[in-house]
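Input sequences plus hints: build the corresponding full structure.
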Amino acid sequence: MASLATDLSALVGPAHVITRASALLAYESDALPGYRKRPSLAVFPGTRDELIAVLRRLAQDGVPFVARGAGTGLSGGALADGAVLLGLHRLKRILAVDVAARTATVEPGVVNATLSRAVAAHGLHYAPDPSSQSACTLGGNLAENAGGPHCLKAGVTLTHMLRATVVLPEGEIVTLDRGDDGGYDLLGAFTGSEGCFGVAVDLTVRLLPDPERVITLLADFETVRAAAQATSGIIAAGILPAALELMDQATIRAVEESIYAAGYPIDAAAVLLIELDGAAAGLDADAAAVDRLVREAGARSVRSATDPAARAKLWQGRKKAFGAMGRVSPHLVVQDAVVPRTKLAQLLEEIAAIGARHRVRVCNVFHAGDGNLHPNIPYDADDPDEAGRVHAAMAEIMARCIAVGGTITGEHGVGLDKLPYMEALFTAETLDAMCTLRDVFDPRRRANPGKVVPVRACREWLGAVSARVAGAQA
Amino acid sequence: MSAISGVIAPRSVEELAEIVRGADDGLRICAAGTWLDAGHPVQAAHELHLDALRGVRAYVPDDLTISVGAATTLRELDAVTAAHGQWCPLLPWGTDNATVGATIATATSGPFAATLGRPRDLVLGLECVDGHGRILRAGGRVVKNVAGFDLTRLMTGAWGTLGVITDVHLRLRARPAVDETWLLHVADDDAVAAWLGAPLAPLACVPFGMGAQGTAWLVRLGGNAEFVAASRRALFALGRCETRDASEWAIVRAEGGPPPRATHWRWNDLSRRLKTAFDPRQVLNRGLLGELA
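Going down the list, the protein sequences come from chains A and B. Position 363 of the first sequence, counted from 1, bears residue number 363 in the numbering used here, the numbering being contiguous throughout. Position 169 of the second sequence, counted from 1, bears residue number 169 in the numbering used here, the numbering being contiguous throughout.
If you are wondering where the hints come from, they were derived from the structure by calculation, not from laboratory data. Among the clues, some could well be false.
Said to hold, decoys possible - Here are the simulated SDA-like pairs of lysine to any residue, each with C-alpha atoms no more than 25 Å apart in a straight line:
no.	chain 1	residue 1	chain 2	residue 2
1	A	K153	B	L196
2	A	K153	B	A177
3	A	K153	B	W87
4	A	K153	B	A225
5	A	K153	B	S67
6	A	K37	A	R57
7	A	K153	B	D62
8	A	K153	B	E15
9	A	K153	B	R232
10	A	K153	B	N224
11	A	K153	B	V178
12	A	K153	B	R171
13	A	K153	B	R175
14	A	K153	B	G117
15	A	K153	B	A58
16	A	K153	B	Y59
17	A	K153	B	A114
18	A	K153	B	D179
19	A	K153	B	D24
20	A	K37	A	A395
21	A	K153	B	A198
22	A	K153	B	G85
23	A	K153	B	I251
24	A	K153	B	P199
25	A	K153	A	S116
26	A	K153	B	E291
27	A	K153	B	P176
28	A	K153	B	E180
29	A	K153	B	D121
30	A	K153	B	D78
31	A	K153	B	E226
32	A	K153	B	A82
33	A	K153	B	A230
To be verified - Which stretches of chain A does chain B cover? Using the computed rule of at least three CB atoms under 8 Å from a CB of chain B, they are:
no.	segment
34	145 to 159
35	178 to 184
36	269 to 282
37	335 to 344
38	363 to 372
39	405 to 418
40	432 to 442
A virtual CB, placed ideally from N, CA and C, is assigned to each residue, including glycine.
Encoded structure:
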């Protein structure tokens with residue numbers, strides 16, 4: 001490791017290589033605090049050429065590595081267990097903006113919200129808006145195929161990715177696109193590969209024109225069931241809101257007791273935050289239809305806002321809900337399952353029952369319009385009894401989501417956290433094929449090892465390991 | 001090149017997997033047969049007929065998702081969803097006799113792709129048999145999903161060269177409350193282009209021949225009544241308009257469209273490795289995308 005550290009220092013400068021254990025502590029977890037793994041060293045290239053040189057140096061020794069943007073991921077995906085941590089936050093230049101074509105080319109460390117701010121003067125924005133958008137990087141968004149409230153109408157990260165230049169783990173540089181001019185959809189395969197396929201050195205994204213008009217509605221309900229039914233009613237009516245978010249009472253209280261208080265009614269069992277945007281013509285008619293649908297479903301009151309300050313206030317509680325839960329207890333498990341939208345009401349009741357049975361406090365704050373649940377449980381990981389109950393409750397919740405035809409992650413990724421559920425969701429043959437795909441990009445499985453697909457699911461991998469062991473002994 | 005000497009028609013995905021595992025010659029994948037001439041001859045001993053893999057597997061209208069067998073035709077998909085005021089806006093270039101499986105396998109989009117989504121955007125998951133004979137169940141039936149590596153995106157647009165698609169899960173949309181088709185005669189094509197990037201843009205706008213006053217465009221407006229009224233005013237400001245029936249779109253799609261992209265397929269090291277990894281014996285649609293080497 002000493003010679004590796006020396007070589008990396010020569011490539012990026014000694015100030016950008018960390019080997020001291022105490023300094024590496026800062027990189028031992030991501031935004032899901034229940035997992036901690038210490039990297040062997042951390043390296044922070046500052047230019048494209050440095051990044052390429054670092055990856056080629058790692059390939060030379062066959063060293064495993066984990067790429068990391070801002071560390072805001074919620075799956076344990078950026079944890080490097082004894083591997084080299086490759087921090088990309090210094091690669092933060094916006095390389096080009098083409099206003100007429102509505103595209104931007106950026107380095108992977110550019111922060112999501114920074115890009116939207118940079119193009120705001122042109123009446124453009126980058127649509128996917130994870131709650132961490134003020135910190136998370138576009139390279140991380142690409143790796144996770146990140147979502148966000150406004151992905152309901154605009155689509156998740158992949159919809160907005162046009163092209164990426166990627167360094168594969170063995171050092172090969174490739175340009176990936178969607179194959180529209182005659183080729184496999186390699187960018188589609190790469191997006192959401194959670195750092196297991198390679199590292200993007202630049203990415204070209206689509207920008208959207210700002211909507212002419214935006215209306216934000218806040219509806220409050222006496223039961224969670226009524227709020228969930230209002231959600232599926234809006235979707236079934238054929239209205240496609242820009243965003244449709246649900247917060248339950250536990251979340252509302254956490255928000256209202258925090259500095260992020262947004263004026264949500266604290267006696268409500270649930271609130272829906274519904275945003276409509278687009279051409280000014282016809283938007284009021286959609287808002288009137290939504291108002292009628294939510295009242296028919298049992299909304300007690302509906303507030304609406306059109307000016308940016310009032311809308312931002314309604315959104316603040318939603319965007320800061322995870323932060324507000326930090327006041328409640330030291331740790332938080334965040335789940336990310338997706339269910340068919342007609343099953344939302346049923347699932348929320350089942351989640352409440354599961355929480356009660358295990359004596360844990362479930363806070364629901366999620367992208368209801370997509371059916372993308374985020375049952376969150378604040379807890380103290382240092383209390384083994386409570387931690388055990390939290391994990392048992394989560395396992396039951398995930399099993400129910402799978403049973404009704406859902407999936408285990410809608411936008412956060414599998415990482416480490418959801419590995420145990422992969423075999424319940426996919427057949428052995430399908431997991432094996434995922435390994436086949438990975439091996440095309442990363443034959444030695446050095447990029448973010450041990451994530452996404454349980455290693456025992458890979459038949460060929462097991463074969464390769466025994467061959468390598470036999471080779472080493474020979 | 002071996003001549004096609006026989007037809008194999010599996011009745012289920014399990015049977016198909018058996019066939020692929022046992023195949024020592026090439027298989028040419030064939031559903032409705034509309035995409036057989038993709039520009040390159042396929043080297044295959046057998047034609048693989050998928051007609052049995054047809055029909056709606058699951059449809060909950062209020063979820064706006066549907067699962068269909070790959071050999072289901074676009075016409076059938078349209079009829080089933082129209083009964084609930086919905087559609088799957090794949091609406092690719094070509095006829096509605098084409099199958100859903102082929103539309104996804106070739107990622108063929110159409111005049112509505114920019115506003116309503118391309119096949120790559122509308123497919124939520126799929127089932128397929130790869131060149132090893134493995135049955136893969138990729139993605140899911142929900143509208144948002146990042147679990148595992150994305151085999152759905154990999155198979156979409158791969159022309160059946162990595163796997164034979166057997167089932168497809170799709171996103172649906174509500175049909176627009178107001179849906180109008182117009183023929184626009186306009187001298188200033190730049191004004192049309194500007195309108196297409198503006199908030200009152202139509203669902204689709206395609207050239208429809210030349211008229212006495214310049215280009216004619218077939219235009220489709222869709223949305224709620226207020227939106228369409230405003231969009232129509234913008235349309236009328238561009239030039240002379242006459243109303244048309246929505247059935248014109250099927251004619252335009254059947255007649256128009258880009259040539260099949262398989263003719264200018266570009267192989268590179270990565271895509272060659274993919275083909276070799278998923279179909280090492282080159283059983284599936286060999287030669288369709290040109291020579292591998």
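Query raised in the report: Which of the listed hints are broken here?
Result: 8, 19, 23, 26
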